[in-house]
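Which chain is which? The protein sequence lines are A and B, in order.
Heads up, the first sequence is in this note's numbering, so the first residue is 1 and it goes up one at a time.
Heads up, the second sequence is in this note's numbering, so the first residue is 1 and it goes up one at a time.
Bear in mind the hints are in silico, worked out from the structure with no lab data behind them.
Heads up, the beta-carbon is just placed ideally off N, CA and C, and yes, glycines get one too.
Hints are not guaranteed to be accurate.
What follows is a set of in silico ranges between Cβ atoms, one per label pair, in the way DEER data are often shown [unchecked claim]: (1) A:Glu35 - B:Val71: 41 to 51 Å; (2) B:Gly42 - A:Arg105: 42 to 52 Å; (3) B:Ala76 - A:Ala202: 54 to 64 Å; (4) B:Ala213 - A:Arg219: 30 to 40 Å; (5) A:Asp195 - B:Ile255: 30 to 40 Å; (6) A:Leu150 - B:Asp147: 28 to 38 Å; (7) B:Ala99 - A:Arg109: 17 to 27 Å.
Sample of chain B residues with no beta-carbon within 12 Å of chain A, all distances over it, derived [unchecked claim]: (8) Lys126; (9) Ala142; (10) Leu217; (11) Pro243.
In case you want the letters, here they are:
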Amino acid sequence: MSAAPSLSVRNVEKSFTMHLRGGMRLPVVKGVGFEIFPGECVVLGGPSGVGKSSILRMIYGNYAVDGGQILVRQGDGYADLAAGDPRTVLALRREVIGYVSQFLRAVPRVPAVDVVAEPLVSRGVDRAQARDRAAAMLRRLNLPETLFDLPPATFSGGEKQRVNIARGFITQHPVLLLDEPTASLDATNRDIVCDMIDAKKAAGAAILGIFHDEIVRDRVATRILDVTTFSARKAA
Amino acid sequence: MTDQPLLSVESLTKSYGARRGCEDVSFDLWPGEVLAIVGESGSGKSTLLNCISTRLEPTSGSVSYRMRDGVMRDLATLREAERRFLMRTDWGFVHQNPADGLRMRVSAGANVGERLMAVGDRHYGKLRETATDWLGRVEIAADRIDDRPLAFSGGMRQRLQIARNLVTLPRLVFMDEPTGGLDVSVQARLLDLLRSLVSEFGLSVVIVTHDLAVARLLSQRMIVMKDGNVVESGLTDRVLDDPAHAYTQLLVASIPES
Numbered sequence: 001m002s003a004a005p006s007l008s009v010r011n012v013e014k015s016f017t018m019h020l021r022g023g024m025r026l027p028v029v030k031g032v033g034f035e036i037f038p039g040e041c042v043v044l045g046g047p048s049g050v051g052k053s054s055i056l057r058m059i060y061g062n063y064a065v066d067g068g069q070i071l072v073r074q075g076d077g078y079a080d081l082a083a084g085d086p087r088t089v090l091a092l093r094r095e096v097i098g099y100v101s102q103f104l105r106a107v108p109r110v111p112a113v114d115v116v117a118e119p120l121v122s123r124g125v126d127r128a129q130a131r132d133r134a135a136a137m138l139r140r141l142n143l144p145e146t147l148f149d150l151p152p153a154t155f156s157g158g159e160k161q162r163v164n165i166a167r168g169f170i171t172q173h174p175v176l177l178l179d180e181p182t183a184s185l186d187a188t189n190r191d192i193v194c195d196m197i198d199a200k201k202a203a204g205a206a207i208l209g210i211f212h213d214e215i216v217r218d219r220v221a222t223r224i225l226d227v228t229t230f231s232a233r234k235a236a
Numbered sequence: 001m002t003d004q005p006l007l008s009v010e011s012l013t014k015s016y017g018a019r020r021g022c023e024d025v026s027f028d029l030w031p032g033e034v035l036a037i038v039g040e041s042g043s044g045k046s047t048l049l050n051c052i053s054t055r056l057e058p059t060s061g062s063v064s065y066r067m068r069d070g071v072m073r074d075l076a077t078l079r080e081a082e083r084r085f086l087m088r089t090d091w092g093f094v095h096q097n098p099a100d101g102l103r104m105r106v107s108a109g110a111n112v113g114e115r116l117m118a119v120g121d122r123h124y125g126k127l128r129e130t131a132t133d134w135l136g137r138v139e140i141a142a143d144r145i146d147d148r149p150l151a152f153s154g155g156m157r158q159r160l161q162i163a164r165n166l167v168t169l170p171r172l173v174f175m176d177e178p179t180g181g182l183d184v185s186v187q188a189r190l191l192d193l194l195r196s197l198v199s200e201f202g203l204s205v206v207i208v209t210h211d212l213a214v215a216r217l218l219s220q221r222m223i224v225m226k227d228g229n230v231v232e233s234g235l236t237d238r239v240l241d242d243p244a245h246a247y248t249q250l251l252v253a254s255i256p257e258s
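Construct the entire structure; sequences and hints are all you get.
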């Protein structure tokens, strides 16, 4: 473990105010604090509804944060993503934080191989080279070659998920957030994803993930962080 | 992206007599950024777009733009010739109704070539070659170059309008409901096209839409307007996934899940 954490979450809290429900306040988490170091895979644990996905989304910036800091290592310093400045979040997403969501948000008409290649192209990699790397990634995940040039909208759940994983793993982001990336995969592909996670750890990535599958969790987790201790629901 | 905004809007207000079009709107737009302005009909989003693109004169407030020489200029102080130069070359404006942005009675090729002629291109063969190239980029077959847009479908007209605007490689493009009034399948094609053109040319875009799916697909940042005021702004997926204002929550709750 290196001395400097890649991600440092400090006293973060989050609640939802439901204006369509008479302004009802729905507390989610409070006092969230942890650090993740390069080469670690920290798994968020606890039952459904305890706030695991909310924590992941706050760290990716698509949930706002009510209080606390989310410090992300960027170059030699840290940027506070919790401050909510859109340009800071965009820069961190480009350079530091990768995210594999549970569901692929497919863009109409864009073929699977281009969906996967896009993060490389937007970082200035030559399009042909990016497509080659994307195809190699999809081959590794056993996606049938005949699907490469089709838009993923009509793919099965497991096929979409593999496109999503390929897209999230193709870059060298130093922090990677994984929201149940193996949920709809068969045993073979699940093992491949575990190998890919191991490779990311070996390369020094700091990974934060949610895995309900115990086999995967036991295999990839460096440690498990029990989110129940941060849950604001039990007190509410 | 650089550290200096391309466009800076400060406390912009437009009143129509006693009625407010938009009130006290401020934002910056950076190079390569797509900003969506969303809200329902009458929320003031088109008024705002028309004010920042100098098509309407604001009642108060200012709009500044970084010219090609790097100098930030208050648009109200531009000479008419400078303003026209901006509109014709450095800016594009894509209207919801293509008939507002095209010349319907001249050929598709001439529609595309016209803006090039405005910046001094005169060589017929070269104009035609560029026009053909741009028709191809917006997926219009080369053999339609001599047809008038009157003979085109709605989707083709809209793609032609985009080609006409982008041919001078503008740095900033304003779009007013560019996918409004099109069939869903035609819309998807247009969105995909806009997405690739925006990223290929690194365009900065201010797009007005009432369609949150369009905003999510195209923009990085978003402004939500209601009754002429900005009620919420921020990163597009933050605003859509975790809307804070009551009105934004209502908007987000009103789209069917897909």
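Hint check results:
| no. | hint | result |
| --- | --- | --- |
| 1 | A:Glu35 - B:Val71: 41 to 51 Å | holds (46 Å) |
| 2 | B:Gly42 - A:Arg105: 42 to 52 Å | violated (30 Å) |
| 3 | B:Ala76 - A:Ala202: 54 to 64 Å | holds (59 Å) |
| 4 | B:Ala213 - A:Arg219: 30 to 40 Å | holds (38 Å) |
| 5 | A:Asp195 - B:Ile255: 30 to 40 Å | holds (39 Å) |
| 6 | A:Leu150 - B:Asp147: 28 to 38 Å | holds (32 Å) |
| 7 | B:Ala99 - A:Arg109: 17 to 27 Å | holds (26 Å) |
| 8 | Lys126 | holds (27 Å) |
| 9 | Ala142 | holds (22 Å) |
| 10 | Leu217 | violated (6 Å) |
| 11 | Pro243 | violated (9 Å) |
Going down the numbered hints, you'll see the structure goes against 2, 10, 11, while the others check out.
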